[in-house]
Structures are given as structure tokens and as C-alpha cells.
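Protein chains in written order, with our numbering: chain E, 159 to 905; chain Y, -18 to 62; chain P, 210 to 367; chain S, 960 to 1268.
Honestly, I wouldn't trust all of these hints.
Claimed, not checked - Calculated cross-link-like contacts (lysine-lysine; reagent style DSS-like; alpha-carbon spacing at most 30 angstroms):
#1 K899(E) / K1238(S)
#2 K212(P) / K275(E)
#3 K778(E) / K466(E)
#4 K778(E) / K1258(S)
#5 K212(P) / K1032(S)
#6 K1023(S) / K902(E)
#7 K563(E) / K466(E)
#8 K216(E) / K285(E)
#9 K212(P) / K1023(S)
#10 K212(P) / K1139(S)
By construction, these hints were calculated from the structure, which means they are not laboratory data.
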Amino acid sequence: MALDEYQKRDFKIIGTRPQRPDGIDKVTGRAQYGADFYLPGMLTGKLLRSPHAHARIKSIDISAAAALQGVKAVVTGNDFPGGAKGDTLDVQDHCLARNVALYDGHAVAAVAATSAKIAQAALELIKVDYEILPHVTSIEAAMPTGAPLVQEGRRGRKIPEEYSDNCTGMCEFGHGDLDAGFAKADLIIERTFKTSSTHQGYIEPNACLANMGPDGRADMWCCTQGHFQVRNLCAQMMGMDQSALRVTASEIGGGFGGKTTVFIEPVALLLSRKANLPVKMVMSREEVFKASGPTVASLTDVKIGMTKDGVITAADALIRYEGGAWPNMTIFPGAQSAFACYDLSAVRAQGLNFLTNRPLQAAYRAPGAPQSIYAVEAVVDELALELGLDPIDVRLKNAARKGTKSSYGPTYDEIGLIPLLEAAKAHPHYTAPLGPNQGRGLSSGFWFNFGGETCVSLAIDFDGSVTLVEGNPDIGGSRASMSMMAAEELGIPYEKVRTIVADTASLGHNEVTHGSRVTFSVGLATIKAARAAIKEMCRRAAKTWGIDEEAVVWEDGYAKPAGANAGDHEPLSLAQIAAKSSRTGGPIVGHHEVMAEGAGVSFGVHICDIEVDPETGFTKVLRYTVLQDAGKAIHPDYVEGQMQGGAVQGIGWALNEEYIYGEDGRLQNAGFLDYRIPVASDLPKIDTVILEIPNPGHPYGVRGVGETGIVPPLAAISNAMSHAINVRMSELPMSPPRVLKAIKDKG
Amino acid sequence: MVKVTVWGSLRAATDGQAEVEVDASTFKEVLDALQLNYPGLTDQIEQGVSMAIDGKIYKDSWFTPVKPDSEVILMPLMQGG
Amino acid sequence: MSKIHVSTTINGDPTEFLCEADESLLDVLRDRLQLTGAKEGCASGDCGACSVEVDGRLVCSCLVLGAEAEGAEISTIEGVANGEDLHPIQRKILEHAALQCGVCTPGIIVAAKNLLAKNPDPTETEIRYWLAGNLCRCTGYDKIITAVMDAAAEMRGA
Amino acid sequence: MLVPESLYQRRTIPQLTWEENAMHYAAPETAQEASRLLAENTGSARVLAGGTDLLVQMKAGMVKPDLLVDIKKIAGMKDITSEDGGWRIGAAVSGSELGDHAGVCGDWPGVVEAFELIGSTQVQGRCTMAGNLCNASPAGDSVPAMVAANAVARIAGPDGTRDCPVQDIPVSPGKTSLGKGEFITSIFLPARGTSGGDAYLRFIPRTEMDIAVCSAGVSLTLDGSGTCTAARVSLGAVAPTVLLVEAAANALIGTNLDDAALEACGAACAAACNPITDKRGTIEFRTDVAAVLAKRAAKIAQQRAGGRS
């Protein structure tokens, strides 16, 4: 596969802002989300959840519930046939406990009944005999030897003695000689930072409708970021062939990584098979907060040495994450991305993961990076301040660039961090005047992007319109981008291409919509599928003209004779070729299946101004500017949307969002009233600047932009806070009580 | 022969070396050679790894060519949000 | 069984239904009348995704009982467009790409339409405070505010 | 795990116990009928006006009433009438309806702004002051402003109607002084007289949608020279019920609200606070910020009273 896919060209459709194909349904309320499906004979499923932080399930008596009029099925964790292994078994246990209820809200039994009321009444008839066990809900409590143990036998390989068996994993990245580096530094700053667990906050609670028969075949409709992943996980848990389960992705009401796994889907299948009737399950908002997949909380030490003129000589980070009652891998991307924005000769990032009595974490937009990069960007900012250097100049001096050996290993190809920093420095926002109690903060940010399995089919219909079939749920307008790329490649108008997201029975496996991969990978496959269709259409034209295939080229939607002995023939449009396709060999379909590789990383730089009320600790965001490298913005509106949405999630994370557990290990704020995501009146306009440094690994230069936006705000707001109240705070969220206390303690 | 860099926490299985040399010309041959010479890496490789070849990240792509002068970095499996 | 019979008007159409005494108007709209445009995001009046108008007042339909709809005028997202013609707010939201996942969009459109009926020339701040009860997690609100202001301008003939 | 397979086959169907005591809904057309329904109910009956607290508590399983008495069909519940120079506001008047009433907004801007801070625009389309008062939350937004305004609640019950100052309605979190069969039919805001002004401020971490972490309502009257002749200062979410802080009012009376007077008023408020630490705020935070809000509210009330700003 050619290493350099990218060919520079002028685009006709790419870069414009057409209307998205699913828009009418969404503004009229017709679009069908997870909870908007109904089937004849449909039952309602509900889950009984443990009220304890940690408890062994000694016995469950479901007899009264099973006998209640209208109840058609009652199941517990032991009703799963037992096919699931390893990580999938952990996910299954997270969906429905088998022997131990590991967190407040952990599901222990489920009921399907002819109405929600009867299902609720049945739950109250289930008698569970719990044996309360000691619990831990924070890293500090889970870490030391002798701490209450969340699960047996989960200690990671080669974990240092000082840590308890709750420590399930360790990783380390970096290169160079740290001691030598620190020795050369004129100033060394070492700080510890804490961030709270936060939730993706998608407005649509998880929902599904399962329809399974005793023959072991099933259909499922659900809101998900990856219906192929849902199929494969559920098939393993249910002990059935993947092909026996067809999953259709509904429209999805937000995911941000939280809907890349399963919570209620396997339980709905279990209930449906037992009842031999369709079962619909919809999580309440309280259930979403208590028992879906919030992100990891963190406790991070960062030590950075810098010379008087701002060169970083050495950088070291120890990153500790807690991600719930089962092991998770988020310390890997967390440790890899910590120093990814910097060109360092001596760098080390270590990660440690700890179990706690909390729900199993799921990815949340650039999982692991916001927490670690927040700590690094805060220390870099403090170093610049102490040495009297401009924060952007310090970052420019140490910025990663083409040829830099990254902190996580590979050498960077073409990347956009320096152009972004220069654009930020030149932006009017960076030099605008500030008033009293106001502060400006800056932060850079990074995220990888991924390829992964991708399948696309592109049918040239008889009337010359095109049906593009792909397998990745469209959350932020990706169907528009796919239609644009297909239309650009085929040389036909955007409106002529209809993109639909097909179910798992219509295409080969597609990797989940995550990792900012869809516009990159599905776009790549769409372009290749279009080129396959073009090749076939040129072949049909050549046969029609009786000339050699090689003597036909495709230009602006037409097959044209080309080359010395091609002869003089009227060019044939796509529509003309399509109309005759039955006569020239049959329907024309281009398709492409690939493990997409070569995704390019995406950097971002954010500037923000805040004002703090010194008498109450209230923080108002006055101005916010996002600069990000998109490689090539296919549909600029939706690139801007990712930048704005990511920034506002980061602002919420920095100022007000946190999981609050009581001493009893129970979640205290499982609702949108006390889990405070930003509202419209909290925010100014979020200004965006898109830079386009092409990614060599994509024909149009596309880089994934979906996740980087959430990384910089944590440090940008924290750095702004330190200038507004001249106190360095090192814990998120910087809620008003904490800010007022910091101001008063400063004296 | 190809120089392969392993990340920090795996260096315990390569007698502390950050970089090891193996005889290989594709992604899969690199993995097979690593497991042969450094059995301690087998666990991690079976769990799944990515590999950065000259700056581009590949995930389990067995037949991707690896040139003798390529920069080859073993990396953990990628996830996303 | 002890259901309550309710006669009401929804989007101008006379409608009758049976509901439980403690059943919310949102559950009636969605599960009994298959008007699934109003979405349940929280069932506690904190997210606004279930916004409808009752007798001209913007409310969360999850905090209204089905029984309270007796004799009322209900209008939902399904009634905002006039046949083929989208309401200016619906058009401007598409034009400005003021949505991503779209699950909050119906609630925001009903709320914005209610605002512009009362205040044809709202400032950005007035729009932001009016829509503070409609949570959106994807867009950061920026393009939504722009779309509502643009729709207001068009409706004023400005 | 005790799960004998045979249980699913046994289909003896017990009568659905929860079926009989399913909740009933009544929408009486007279106050007498409403109070009779409430008085005769042996289980737990609740009044439904806006329902924006009640329905949330029902869905969360915090309350399981067996009778809801909807008062919105009772004549007068939606009326706003002027009376003795003040205003009588029906118990079913919603926040958005009151906000549209120029008369009340002109006389009592502090009460209206407090009422309009409850919840979102959507909640404003339903919530009522009587409901906010009877929910008896220490953090109820309209209550401190009503108390500062010396508002009076009119109560209908089995023995006819009676009036009761608003500050005497809440007894403790979630509990009111209303007797069996009693419910509020209207709130009376007295005549404010010339050169009076009121204001209400609350602290929330966002700009909308939160429950008050702490709050302060001030109502005062100035004489011709701008000296404060009468004042009431009340605080929310800093004690089990709303506080009327005499000492804070006395710190303002007789002064023209100079800095010293405002500092004394703030200090008195801080002294009166008896808050808790919970997920929304700490004892120190609530005490400090309540004092700040009282000072700021007093200055706004002063401006509204037409005195020197």
C-alpha cells in the first residue's frame, strides 16, 4: 500500500458546507433514536440494582417476582450460558453481576413484563441476601498495601511492593537520560494534580430493543457507537454465532466514547430469549450515571526541568488512574500522550491503574489524555511564569515537529503544532486587554487517531444516483462528509449521493465510531470504493467504444477516451453508463474492505479568558478560542462543531463536573441537577481556527478531529485561574467552594 | 536485520534493552522473531500490539513490509473515545 | 384497571387517550400516541429534551401529568413544520449545522419558537438564558445561538 | 443461587396488591371540595399545582402519594388581583405568568426575580410560589424574597380560610405547618408604599439550572433623605428553614446603607447562619457567601427604592 496516499488537488465539493442528509428527520422529530422503537408484543425490561458499594450476593429469591401476573421472564447473572472470557466476561459481569455486587448501582437481576409498572413491582418482590464487604472509591484509599480489595487475583505483572493488589497494571514510555537532563536545568518544578471522574454526559440514555427466539436467532436495535462491537460482545456472552445476531444502529443521541461497549443489551437478549417476546430496555438518567462508563479519575505527579531561556531539559510523570471495579487500559494512552506535544531529549511517563468500587470506566473522548496533559501543561505554564517567559514562546521552543522522536516512541511525520502555536500567538485574542480579577490561560493538546476495520459499498443506481452503504454510526454529521467524498471522487453533485448506515448483516465488520477515525477511515474506504466503481465504469465505456480499457480516463463525472489510438468518442456520463449497466454486464457496485492504517495525529491549542468573583469564587468564561489542525476539513461546519463541543466538555470538566461519592461509597449526584454540565448561559461564543497540514496517509489529507478538542481546556482554564487569582490550583473541578477557599488561604 | 524499540515496561523482558535487533521483513516476522528471542514478550504480543513503522501506526497488519532501515516501534493496542 | 380518559388537542388535532394517574405527558406522547419527537433525557426537568408547549407555555412534558392535558392545547415538535414548509428555526438550524447528534434539537426548536413568539428581537444573552434549560452536549451551543438569531432576523423581515 | 427452574411453570397469579392502591387523580372545581378530598384521605394525599417538585420526587420514589388533588381547575387559582395597594396572587399562577404581570413586577421586582430564578424556562412555565413554599426546601428560591416582602399566605381548609405569614409555613425540610385538609389558595404581597425596594440574590455554580447553595432577600423603605426607615433581611439554604435575620435588618435601619452599615448587616447574617456541608457547598462557603449576597441585595434594594445608589 503506497505510504503516501495524499495527492494535492483543488476540490469542488470538499471544504464546502452542504446540508446533512439526516437533517430534516432531526429537526422535525422523526429521527428514531434508541428508545423510539416499538414491536408487537413488546415487553419492558428493568434491572434490580445493588444499593451497596461492595457486597457479596449470597442468594437471590426471584420466586415471588416470577409468579407476578404480567411478568414473562426473570434472569440473573448466572443465566448467561458462559461463553464469555477475559475482558468480555468482565463486561458481562458489569452488565449483570454473578456473585459480587461491586459498586453502588451494579445490576443483580432483571425482569421483563407486559408493562413498566408491573416490571417495577416485580423488582420490589425480588429478595437479595447481601453480605456487606469493605469498599474503596478513591485512588488514595485503593493504593496502599492492606487497602480493601475490590477483586481477587487482578494484581498486574511486576507491580512494586508498595501497592495493594488493587493495582492491576503498569506501563512506562520515554527515552533519554533523566538524571543528566535534570542536572542541566536552571529551574525544576514538581507538582501533584488530581482530576475527578467525569461522565460523557450524552443527553440520550442508553436504550435497546432485543427480539430473540428459542432458535437462537436475534435482532436488536440500539443506540451505539459501534453495532458490530455490540453484536460481537453479545454473541460471545449469549454463546451464539455472530451471524445469528443482527444489530441495527439507531440514531445515537451522543456517545463521546461512552457508547462503545454494552450495558443493557446482553440483558435484553437474555430476557427476550427466555420470554420468547421482544424486550425493550431504556436506562434512566440515574442508571446512566451510576452504572454506565464514566472516565477515570487521576492522581498525577509531574516534574519538569527547564533552562533560563526556556528549553526543557528533562520531563517525568507518574500517572495514577482509577477506572472502576475491573482492570482497564487507559493508563497506556494517558502515559503516551502526556508529553506528546514536546520535543524532549530525556522524558519518562509511567502509568499505574487501580481498582475501586465504581462502575467499569469507558472511553471519554481522547481517553486518558486530558488528565495527563492537564498536569504537564500546568507545570509548563508555571515554569514560563517563574522564568518570566511568554507561555507560547516556551511551547514553540520545545514543540514537537517533523522528525521529533515522540515521547511515546515513533518519529513524527508532518504535524501542525508549530503552525498552531504561531497562529495562536498572532490571534487578536492572545493580546487583548484584561480587566481586574481576569486571567488568560493557554494550553496545547494532542490525540492519536486510528484506522481499524472499515467496509463500504457504493452502488451506482440506474438513474445515475448513488447509494453509499457504510457501517459507522453517524454522531456528528459524518454521513454528509461521506457523501461529499464520494461525490468529489465520482464527479457528481453532492445531492446525488445518499449515505446510509447499514446493519451488521449488510457489511463486513466495522470498527466502532471512536478514536476520531470515521472521517479518516470510512472516508478512505469511500474514496477507494468510488475509484473501484470508476474503474468498472471506464471498463464498460471501453467495451461500448470497442477500445482498450487503459485508453479510458475519468474526468468530472465522465468516462473519456484518452491516449493516442483511443479514437474520437462522445464522453459518457455516470448516468449514461448507469442507465445501460444491465446491458453492459449488470449493476455496478464499487466496494472496499480494509484494515485502515496511516491515521495522522491531530494537535490543538486553546486560549481562554476567565473572570473570578473574589467574594464568591464564581468563575465566568469570558472568551474562548480553539485552534486545531484538521489535515483537510471535509465539512468545515462539523469540524468546527467537534472543536466547540470538545472545548465545552473540557470547560465543564475544569469548572463543575465531578462524581461525588459519600463515605458509604454511594454516588451522591446521579442526575443532571447536581452533575453540572455547562448550560447555554454559562458560555461565550467558542471561536474556531482550522489549520490544514495534510496527513500523508489519506488521499485528501484528512486527520481525525473528534477528540483533541477536549484535551486543552482543563489546563487552559486552570492556567487562566492561576493568573486571575494568582494562586496555583491543582485539583479539578475548580468549583466555587474550592476557588473561594484558595483565595482566602492565600490571605 | 531491523532495530525494534520496545516501550519502557516491556524492557524487563528484553534484559533492559530499549532497542533490540531481529531478522524480519514484515510486521508478523518482527513479532515472531521477538517472541523467539525474548519469550517474556509473548504475553503482551498475544494480547495484541500495534507497531509504528516509519511514523505510521499499524494495528495487527501482518504483511506490512518492514525495511532494514525502517524505524520500528512496538506500541500498545490503540483505543479511542 | 383505573386509567383516566383524557380529551385534549395536540398540534391542532383533537386527541383522546387513556393513561394512568401518575403517567407523565411525555410517556403518553411517546408510548401511547407514538409522537416520539419529545425525548426523555432525565425525567426530572433538568435537560429540556422533552420540551412541549401547553396552552402556549413552554414546559417539560416529563413534569406534566397526562391527566393534566384534559382540555389543553398541546404543541410538540411534530407540529412545528407547516406541511412541507419547515419553520424558519428548523431551516436555520440545518443551514448553520447547529446540531450534531440531534437528540436535543426537537426540545431546542420548541423552546426557541416559543421565545420568538414572545420576543421577536432577543439579544444573544436573552437567547442563552431562555435556552439554559435545554442541555446540549455535542455543540457547545455556539451554532445553535447563531441559528436562532438568524431565524429571528428572517422572521422580523430584518 | 436459589433459582429453581420449576418456578417459571407455576402460574398461580396473586392479585396485584399494588393495583388497588394505585394513585388517584382529582381535579375539584371548588376549594371546599379540594380540602374535603384532602381531609378525608386516610393515606398520603398531595396538592398538585405546578408539580415541578412533586413529580420529580414521585419519579425518584421519594414520595408515593395515593391521591393527587389538582387545584388548577378551582376558580381564582390563576388570578392576580390588586388588593389594599398590594397584590393577591393565585396559588396556581406560574412563574412565567407572574413575570408577564407589569403591576407585580413594578412593585415587587425582588419577589418576581426570586420566583423566576426557579429552574429553567420550562420549569417557569409550571412552577408556583405556593408549591415552592410548601415543598419546604431550605433552598426554595421564592421563599426568602416573600419573607422579606412580609408576604401572607391564604389557606383554605375544612374549617374555612385563614391567613398566615409566609415565614411561618415551613417548619423543617419537607414539612409545613399546614393542617390536614389545608392548602394554600393565594399569596398576598402587601402594599410596598413609596420609596420601598426589594431584591433577591442566590449563589449557584452555573448561571442557571442549579438549586441555590445559599441566598438572600432584602426589602427596605427609605425616607426622603435616603435614610432606611424599615428593613427585612432573610436568608435561604443556610438553616433548616428560611431565616428572618432581625439583627441584619437593624444594622440597616437608621443608616443610608454606607459601607459600615452593610458590613454590620453582612456580619449579622454570617452570625445567624447555621448551614450544613453537603454535595453543593461547605459550611464556610455558605456562611461567607450568604453575607456577601445580603450586602449586594441590600444595595440593589436601595437603588430600587430610589435612594442614593
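Status of the hints after comparison with the structure:
Annotation: proposed proximity of K899(E) to K1238(S) holds, straight-line Cα distance about 16 angstroms (limit 30 angstroms). Distance check on the hinted pair: K212(P) and K275(E) sit about 13 angstroms apart at the alpha-carbon level, within 30 angstroms; holds. A threshold of 30 angstroms between alpha carbons decides the hint, and for K778(E) with K466(E) the separation of about 34 angstroms lies outside it, so the pair is violated. With a C-alpha separation of about 22 angstroms, the suggested pair K778(E) and K1258(S) falls inside the 30 angstroms cut-off, and the hint holds.
For the hint linking K212(P) to K1032(S), the alpha-carbon distance of about 20 angstroms falls within 30 angstroms, and the restraint holds. Distance hint between K1023(S) and K902(E) is unfulfilled; the C-alpha atoms sit about 45 angstroms from each other, more than 30 angstroms. Taking the CA atoms of K563(E) and K466(E), the gap is about 24 angstroms. The hint holds against a cut of 30 angstroms. The straight-line distance between the Cα atoms of K216(E) and K285(E) is roughly 11 angstroms, inside the 30 angstroms bound, and the hint therefore holds.
Between K212(P) and K1023(S) the CA atoms are separated by roughly 17 angstroms; this keeps the pair inside 30 angstroms, and the hint holds. Using a Cα cut-off of 30 angstroms, the hinted pair K212(P) and K1139(S) holds, with the two alpha carbons roughly 27 angstroms apart.
The structure fails hints 3 and 6 (numbered hints given earlier, in ascending order).
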